[in-house]
Amino acid sequence: MLEIKEIWKTFNAGTVNEKQALRGVSLTLNEGDFCTVIGGNGAGKSTMLNAVAGTWAVDQGTISIGGTDVTHLPEHKRAAFIGRVFQDPMMGTAPTMQIIENLALAARRGQRRGLRWGLAKAEKDRYQELLSGLGLGLEDRLTSKVGLLSGGQRQALTLLMASLKKPKLLLLDEHTAALDPKTAAKVLELSDKIVAENHLTTMMVTHNMKDAIQHGNRLIMMYDGRIVIDVSGEEKKKLTVPQLLELFSKVSGSDEADDKLLLS
Amino acid sequence: MTVFLNALPGAVSQGLVWGIMAIGVYLTYKILDIADLTVDGSFCTGGAVFVMLFAGGANVWTAMLAALLAGMLAGLVSGLLNAACGIPAILCGILTQLGLYSVNMAIMDFKASVAINVTQADTLEKLLVSLRFVQGSVKGDFPLWRHPILVVGLFTACLIGVLYAFFGTELGSALRATGSNGNMARAQGINTDFCKVLGLMLSNGLVALSGALLCQYNGANEINVGRGAIVIGLAAVIIGDVLFSKLFRNFALKLLAVVIGAIIYYIVLQAVLAMGLNPNYLKLLSALVVAVFLSLPYWKGRYFAKPVKRGGAANA
Ligand SMILES: Nc1ncnc2c1ncn2[C@@H]1O[C@H](COP(=O)(O)OP(=O)(O)O)[C@@H](O)[C@H]1O
Ligand SMILES: [Mg+2]
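Sequence lines, in order, name chains H and B. First residue of the first sequence? That's 1 in the numbering used here, and the numbers climb one at a time after it. First residue of the second sequence? That's 1001 in the numbering used here, and the numbers climb one at a time after it.
Watch out, some of these pointers could steer you wrong.
[As the list claims (entries may be wrong)] Calculated pairs, DSS-like style, for lysine-lysine (alpha carbon to alpha carbon, straight line, at most 30 Å):
{"#": "1", "chain 1": "H", "residue 1": "Lys-77", "chain 2": "H", "residue 2": "Lys-168"}
{"#": "2", "chain 1": "H", "residue 1": "Lys-193", "chain 2": "H", "residue 2": "Lys-166"}
{"#": "3", "chain 1": "H", "residue 1": "Lys-121", "chain 2": "H", "residue 2": "Lys-77"}
{"#": "4", "chain 1": "H", "residue 1": "Lys-145", "chain 2": "H", "residue 2": "Lys-5"}
{"#": "5", "chain 1": "H", "residue 1": "Lys-121", "chain 2": "H", "residue 2": "Lys-145"}
{"#": "6", "chain 1": "H", "residue 1": "Lys-145", "chain 2": "B", "residue 2": "Lys-1030"}
{"#": "7", "chain 1": "H", "residue 1": "Lys-165", "chain 2": "H", "residue 2": "Lys-186"}
{"#": "8", "chain 1": "B", "residue 1": "Lys-1283", "chain 2": "H", "residue 2": "Lys-145"}
{"#": "9", "chain 1": "B", "residue 1": "Lys-1300", "chain 2": "B", "residue 2": "Lys-1111"}
{"#": "10", "chain 1": "H", "residue 1": "Lys-182", "chain 2": "H", "residue 2": "Lys-121"}
{"#": "11", "chain 1": "B", "residue 1": "Lys-1030", "chain 2": "H", "residue 2": "Lys-77"}
{"#": "12", "chain 1": "B", "residue 1": "Lys-1300", "chain 2": "H", "residue 2": "Lys-145"}
{"#": "13", "chain 1": "H", "residue 1": "Lys-168", "chain 2": "H", "residue 2": "Lys-186"}
{"#": "14", "chain 1": "B", "residue 1": "Lys-1300", "chain 2": "H", "residue 2": "Lys-121"}
{"#": "15", "chain 1": "H", "residue 1": "Lys-236", "chain 2": "H", "residue 2": "Lys-168"}
{"#": "16", "chain 1": "B", "residue 1": "Lys-1300", "chain 2": "H", "residue 2": "Lys-165"}
{"#": "17", "chain 1": "H", "residue 1": "Lys-210", "chain 2": "H", "residue 2": "Lys-238"}
{"#": "18", "chain 1": "H", "residue 1": "Lys-124", "chain 2": "B", "residue 2": "Lys-1030"}
{"#": "19", "chain 1": "B", "residue 1": "Lys-1300", "chain 2": "B", "residue 2": "Lys-1246"}
{"#": "20", "chain 1": "H", "residue 1": "Lys-250", "chain 2": "H", "residue 2": "Lys-193"}
{"#": "21", "chain 1": "B", "residue 1": "Lys-1246", "chain 2": "H", "residue 2": "Lys-124"}
{"#": "22", "chain 1": "H", "residue 1": "Lys-5", "chain 2": "H", "residue 2": "Lys-238"}
Read the hints as simulated data drawn from the structure, not as lab findings. Please read all numbers here as calculations on a predicted model, not as lab measurements.
Let's have the full structure, built from the sequences with the hints guiding it.
Structure (structure tokens):
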């Protein structure tokens, strides 16, 4: 479903701030894979997801989604294949627009937007039902501005929006990191539910090793712009946090591994 | 006081005409979240195109349509400088505005002012609005329905209706999303560059249309007519917002608030003039008023309310 081949990305090339954020990353996800991504701060996790989403062009390498080469497609065209939830709850929704308007925008992802009404009457019931499935009481606040919602409510809404038009690929980038533990658990549970219900191919970045082990059928760890650990299947199911830490220090050849991972 | 009262219908008429320009400013400043300075040039472009075509014998509606299109073209230039060349939006506006001075001069045959011969009755008759209709329609020289307040008022109402419908469409919603949160818009498959360009075209089209109306109202177009238009537009937007934001939630009413803002601006202007202020100080006064109102939300947020979190780390 997703095929990343040898992608490289350098930020601020030729300046003192030069940073090789991706150094030859390759990854293939099969349809229905739920891959969790871990790694220390600055390892390149967000950069990899942004590369796939097309926030900017990569320097080298190719990316294809569902057999379509998207390497040279701009972000808004790739959106036809991709649903995203960001770390920052502010990033995924339009704050000055209503909840129902945000949903209507998401329902048209990948379609040409013309002079038909931006929100058909018939859509309302469907959204109301989907919102009540979140269990946050948003179904009674269809016309509230999203800017009035809490971070957790926004992330839940963004999740719903990302999956409304079933994407070929769902990208979750530490989407619970900015939430309090209770809300984070709830949003994570919701993510699991949505992924399972829609059989979505998913990449989820998390800084929580336990979550990374518990969720999904595959786990990759990034270090310094590369994928250094890749476990799946039975092996992943049996994985424990101490094992993962040990694996990591072996691969990175560093004793600070524990601090770096646990503190981030 | 009588001076002021006598000037009132004229002030309201002018306010309505400028209100259309202010709606254009609202589209960029409030909806797209861009401070577009193109308007200072495109306002005059509208008047220039209108006056040359109308003087050349064109129908008043044809000339106004041409003015609208010319304004859209100016918006297209600013938009492309931003979207295709990566120049910051505020600089794009400044560049286009500067370039438009020469273009406007060229359109007006390198004359600083071109007049419509309003002393000729049949020419005057063809105009949609004119200063002369303000008193003339009351005195009985012209039918009452030709009063600029009625004509421009109706025109504005139609315009607001069309815009209200447009911003309810998929494309209009995409424009609103672009201004509200570009990241979200792109993630939902919206071409934000295209939306910005389209928004700038719409906005400057309206601004030029307003310029064409003012040119009719004054019976002439002058090369400096649009100087400071952006400030007047912002003033109207802000006055409308301050006075009506609690009252008007509906988008059409918000546009109406902008128009009322423009009218209030012109009434205040007349009042200040009636008090004997040297007209040369008007621009300073406008700038001060807008500066004060633009800083209000900042000071209010700082000293009277909890700080509101906005934005946050991008690509974190
Ligand atoms: N847009 C950008 N411009 C410059 N540097 C960036 C940009 N995005 C990421 N980086 C840098 O690339 C490296 C990897 O960042 P990122 O992928 O965000 O790490 P993380 O694994 O924590 O998500 C970091 O050093 C970061 O500073
Ligand atoms: Mg990150």
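Checked hints:
Between H/Lys-77 and H/Lys-168 the CA atoms are separated by roughly 13 Å; this keeps the pair inside 30 Å, and the hint holds. Between H/Lys-193 and H/Lys-166 the CA atoms are separated by roughly 14 Å; this keeps the pair inside 30 Å, and the hint holds. Note on H/Lys-121 and H/Lys-77: the hinted pairing holds, with a Cα-Cα distance of about 27 Å set against a maximum of 30 Å. For the hint linking H/Lys-145 to H/Lys-5, the alpha-carbon distance of about 41 Å lies beyond 30 Å, and the restraint is violated.
A threshold of 30 Å between alpha carbons decides the hint, and for H/Lys-121 with H/Lys-145 the separation of about 19 Å falls inside it, so the pair holds. The straight-line distance between the Cα atoms of H/Lys-145 and B/Lys-1030 is roughly 16 Å, inside the 30 Å bound, and the hint therefore holds. A C-alpha spacing of about 22 Å is found between H/Lys-165 and H/Lys-186, which places the hinted pair at or below 30 Å, so the restraint holds. For the suggested pair B/Lys-1283 and H/Lys-145, the alpha carbons sit about 37 Å apart, so the restraint of at most 30 Å is broken.
For the proposed pair B/Lys-1300 and B/Lys-1111, the alpha carbon gap of about 47 Å is over 30 Å, so the pair is violated. Under the criterion of a C-alpha separation no larger than 30 Å, the hint pairing H/Lys-182 with H/Lys-121 is inconsistent with the structure, at around 35 Å. With a C-alpha separation of about 26 Å, the suggested pair B/Lys-1030 and H/Lys-77 falls inside the 30 Å cut-off, and the hint holds. Distance hint between B/Lys-1300 and H/Lys-145 is fulfilled; the C-alpha atoms sit about 22 Å from each other, no more than 30 Å.
Using a Cα cut-off of 30 Å, the hinted pair H/Lys-168 and H/Lys-186 holds, with the two alpha carbons roughly 24 Å apart. Between B/Lys-1300 and H/Lys-121 the alpha-carbon distance is near 39 Å, which puts this suggested pair outside the 30 Å criterion. Restraint check for H/Lys-236 and H/Lys-168: the C-alpha separation of about 24 Å stays at or below 30 Å, so the hint holds. With a CA separation close to 41 Å, the supplied pair B/Lys-1300 and H/Lys-165 exceeds the 30 Å bound.
For the suggested pair H/Lys-210 and H/Lys-238, the alpha carbons sit about 12 Å apart, so the restraint of at most 30 Å is met. In summary, the hint linking H/Lys-124 to B/Lys-1030 is supported, as the alpha carbons are separated by about 27 Å, within the 30 Å threshold. A distance of roughly 16 Å separates the Cα atoms of B/Lys-1300 and B/Lys-1246; the hinted pair therefore holds under the 30 Å criterion. At roughly 35 Å between alpha-carbon atoms, H/Lys-250 and H/Lys-193 are farther apart than 30 Å, so this suggested pair is violated.
Using a Cα cut-off of 30 Å, the hinted pair B/Lys-1246 and H/Lys-124 holds, with the two alpha carbons roughly 27 Å apart. Between H/Lys-5 and H/Lys-238, the direct Cα distance comes to roughly 29 Å. Compliance with the 30 Å bound is thereby established for this hinted pair.
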